[in-house]
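Residue strings, one per chain:
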Amino acid sequence: MTEAVDRARVLQGLRALYPEGRILTRPAELAAYESDALTAFRARPLAVVLPETREEVVATVRWCHRHGVPFVARGSGTSLSGGSLPVPEGIVIALNRLNRILRLDPEERIAVVEPGVVNLDVSRAAAPFGLYYAPDPSSQPVCTIGGNVAFNSGGAHCLKYGMTSNHVLALEVVLADGEVVRFGGESLEGVGPDLVGLFVGSEGLFGIALEVTLRLVPKPEAYRTVLAAYRSLEAAGDAVAQVVASGLLPGAVEIMDRLSIEAAEAAVHAGYPEDAAALLLVELEGEEPEVEAELVELLEVVRASGAYEVRLARDEADRQRIWKGRKGAFSAVGRLSPDYLVQDGVVPRTRLGIALAEIERLSRKYGLRVANVFHAGDGNLHPLILYDGRQPGQLQRAEELAGEILRLCIRLGGSITGEHGVGMEKRQYLAEMFSEQDLEVMRRLRRAMDPGEIANRGKMFPVPQQLEAAAAS
Amino acid sequence: MRTGAVLRPSDVDSLREAVRQQPRVWPRGAGTKTALAPPEGAVVVEVSQLRGVLDYDPAEFTFTALAGTPVREVEELLGRHGQYLPFDPPLSAAGATLGGTLASGLSGPGRYRYGGVRDFVLGVRFVDGRGELVRAGGKVVKNAAGFDLAKLMAGSLGRLGVVVELSFKVFPAPRARASLRVDRPGFEAAWGLLRALYTSSFDLEAVDLVPPGTVWVRVAGRPESLPTRVQRLRAFLQGGEVVEGDSGIWEEVREFRWVPSGWTLVKVPVTPRRVLDLERELLPTASLRRYSAGGNVAWVAWPEEPAALSDLLERLDLRGLRVLGPPGLPFLGRVDSDGFSSRVKQALDPVGRFGPYP
Amino acid sequence: MLHEIPVDRYGAVGRRMARAVEACVHCGFCLAACPTYRVLGEEMDSPRGRIFLMKEVLEGHLEPQEAAPFVDRCLGCFGCVTACPSGVAYGELLTPYREYASAKVSRSWPDRLLRWLTMETLPYPGRLRAALRLARLVRPAAPYLPARLRAMVSLVPDRLSRQRGTASTVAPAGARRARVAVLVGCVQRVLHPEIHEATVRVLARNGVEVVVPDDQGCCGALAMHVGEGARARQLARRNLSAFPDDVDAVITDAAGCGSAMKEYGFLFAGQPEEEQARKLAARVRDVSEFLDGLGIEAPPPLLAPARAVYQDACHLLHAQGVRDAPRRLLGTVGNLEVVEPAEAELCCGSAGTYSLEHPDVAAELGRRKARGLLAADPDVVVTGNVGCMVQIRAHLRAAGRPVPVLHTVQVLDLAYRGQGFPRLA
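Chains A, B and C, in that order, give the protein sequences. Under the working numbering, the very last position in the first sequence is 473; numbers go up by exactly one each time. Under the working numbering, the very last position in the second sequence is 358; numbers go up by exactly one each time. Under the working numbering, the very last position in the third sequence is 425; numbers go up by exactly one each time.
Derived from the structure by calculation, the hints contain no laboratory data. Be careful, since some hints might not be right.
[What the hints assert, rightly or not] Here are the simulated distance ranges between beta carbons:
1) A:F129 x C:R401: 24 to 30 angstroms
2) B:D317 x A:R319: 40 to 46 angstroms
3) A:R411 x B:G95: 35 to 41 angstroms
4) A:F129 x B:D317: 45 to 51 angstroms
5) B:Q238 x A:V310: 36 to 42 angstroms
6) C:P305 x B:G245: 54 to 60 angstroms
7) B:R257 x A:V463: 54 to 60 angstroms
The beta carbon of each residue, even a glycine, is placed where N, CA and C say it ideally should be.
Construct all of the structure, not just a fragment, from the sequences and the given hints.
Now the structure itself:
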């Protein structure tokens, strides 16, 4: 009862900032925000607010700062690392209604957008001018730019043009203590330290982006999309090394294994060769004469690498289908298993074969199926560990297996995350990748922006063991 | 120019020690960016002894090297394996180091195609203001773990930490190149061409505009397709002279050999549209200009102390960085003071060991 | 998604509902495809949010009353089903859930009155006819009515067609290629009998013998979609016996009815009629699907070139997966350019009785739809469902450009008869 009274009192001030209907506190309203795309974690917030202007966001952050109430900014809740999981008894600031493209300047090749704008909507708006926004996370039809900025999202086409960080030019941000700052500019070049580079990928621990200036790039004149089928996953992995070594610089190099092919084919009927043990997807992009010349060499390399079937996308519709299957593959694996964990580790590209063989071995050791669908050209693995949460002990086994895979990535000289971020899920493993000293400097930076540690509290940084144990009990 | 003590630590531990013991230190690489040299009497920590490539597997398309490694050394090594740093690191013939290139945040004309130094750095180790060795980023081409302090170091001028080790990604070097020179009667026509190229789907390595009316374009790719591409480009440009032996031209640009000795060279980030405003203001002055990266950076050479240039930039709401010439305060033009960078400074260098943030 | 639904407590459909929840991986790919989410931008009004809420209720962790506003606001357009990579059978959760929850949720008396009014009139042509005559008398007072009543009255047609008899069997032109039975249903028969007439003519023209069973009635879709399962079954039962077995297909020309009849097996899950319902459902085809499969005689080209924008009816595209057939049929008409509208996959907001129960969301969707359609600068809008036609027509009129709105078969029919499109009103 006192708790209820407490809540009511805490919320009173916040209610003054929002009209009825834009502050959500009823059980069903809060339940819907309990998880993002990683449902292994759930937390019920105190309230969800739906700001419609940046001033409302700033006022909310200031209110949170004044009252020491933690907050989590949320876009479409597509984080695979639990990055937008609410903080229990904290506020969720849902930015979906800040979804205006404020300025699209095709001549300067920039778009200025609010954080709730959906990734793909930027490219749609730019399309009439022959431009697009390059980073293409698989969730691009739904994920928002604000979330992309917070987690430095990647996608299939990072090989040539990089991740979100390489495409954000300027930011307006409300820091966790309520100060509004702007940095970066509209030019591709800058002077002074790269503050945009620091903010992008900071997992919401500094504050909330209110306005994002994005770089647009001209749409390539031509694409050539090649699908090659292999009898083994290792053979496909080795083919990647050969494609990379050939000196070609494709826009994307992806691999799907048997399980993911099966799932994706069921979902979109992309016409993947279903009997393949692994599928290599390579996309060339650029000027017509150039990609045509590159294609000749690519086909030679691919055929020499042991592909038993090679197919070229017939037309744009076919290409779209091939990509739709690839981009829907994670979710499609939901057809094969009631639950799965997605990992996002990176290994040096020359170690892909070793990493895949080791994952295969671990899969057998733990008796859990692992589907692989990943950005092979970047060495960015995406093992999906299939389990059934209703079977006692399976989740725990899946988590152990996931941990072994992450340690494998670190051991091979890679990273625990290529593009999904650390979030809730991998925070304990960050300490295995960085020393306490490295983390301390990151903590100092965090506290400089957020002395009360109210912004996305509990994410990214490893939690001391005893606290972790206390939380679990 | 007289400086105070110059410390040349031979390893990271002695560098940390040096940082701890001095109340104020100025990190330096090869000192090629003369305008960014330490003021008189300052204690300089030079990283020139910390040199050498630590890790390079050509099949991986990444390398890790110590900060004092000359860029030219790395480029030669990469070149032997058909690879390169696509952003044309400036002043490499003059001896620029990897650390200095990152800390100054400078990229050459080739940054047009795939991005600048900040887009290619993957990870760093640096000594912070407390003398602690800190690692951030990684050695693989994709990495989202922890804060991206490697990017933060780009352009930090050594005021946030002394970078001691860097990892970069590299790309396969194009097998063939061609350069086109297009002359237009007057700046506005040339500027129009620059902007048309900027939104076109031509895959260009570099697009520079040199007043009064010359546009330089560099294309790179496969030898068998290059003639067709050059032909298509010439059709688009309605002319253009293919320049033979062009590598020397671009080397001159990268090394800023067009800047008269003793002049101040200033880097001014700008946007393609605003190039015209800037040129109009600069035309009556004694300056020399080169608009690079498709109009995203103006290199302005100024014959004297650039106070007047600073005012001019401020009027245009632009900001510049001194690169060559006599030392002075690094930034010209608009003053940016935001709560974000001062907090960053406070976190990484709380006692101001690397000097105040300018 | 992991759940703790006590499956056995929910009868024959319990397992099916649970399976839909299991298949959902909470990835959020459905958000962009959901009309209410696009309008309201809040998680509870998204498919992912609704699945989560229904799961919570079925697990006993949430009161049905709490979840009701959000589950009610679902249009049932099934845009999410098309978008879902993991194959969640959303309808197999939503329909039984609504039936389950309807008994547990108390509604305000205006809600109940409206529900009663619609459910007691729409499925019954005689009552509907009477109600419409009454509504026309009320229309002058429309501006003073509450929003939902105003929405109802605004959909009342200017003229009411005279009751027309439909011949019970129509002979094919030329040799008989197939024999089908046609559903004439309820609302469409009263409001727009010309659609059925076009269907029958086009079928006959292409060598199809058409039977129009006398005893048939409302397919039950309207009741099914609002959770009135018992009423839906009662209505559907009549059709189970009315439609003959000796036909190649049972044809519907209203997408909503077609999708409902295709679900008859599921509607009667665990009931004695299940087998019979399954058999009937297996024979149901949308008219465009059937004609496309049969192959049609190309109509003569239009006298003057025209541009048609084809708007998918949700219950044809998303619920029945019929996308290419109507486009191919329209493609046979010479001089007719068929273009795609912006946001083609998004519901127009009609959705059965939805536009009556949630006029605000429906109107916003209608406005958006009209904008998208008009951007294509069409001479005619073509779709495959009477509800969509009524809604789109109203919003085109409101947008000031009352482009004619026709059913796919009407376009074919006009072309066969060498007639042009109706003029702008």
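Could you work out which of the previously given hints the structure breaks and list their numbers from low to high? Hint 4 is the one this structure does not satisfy, whereas the remaining hints hold.
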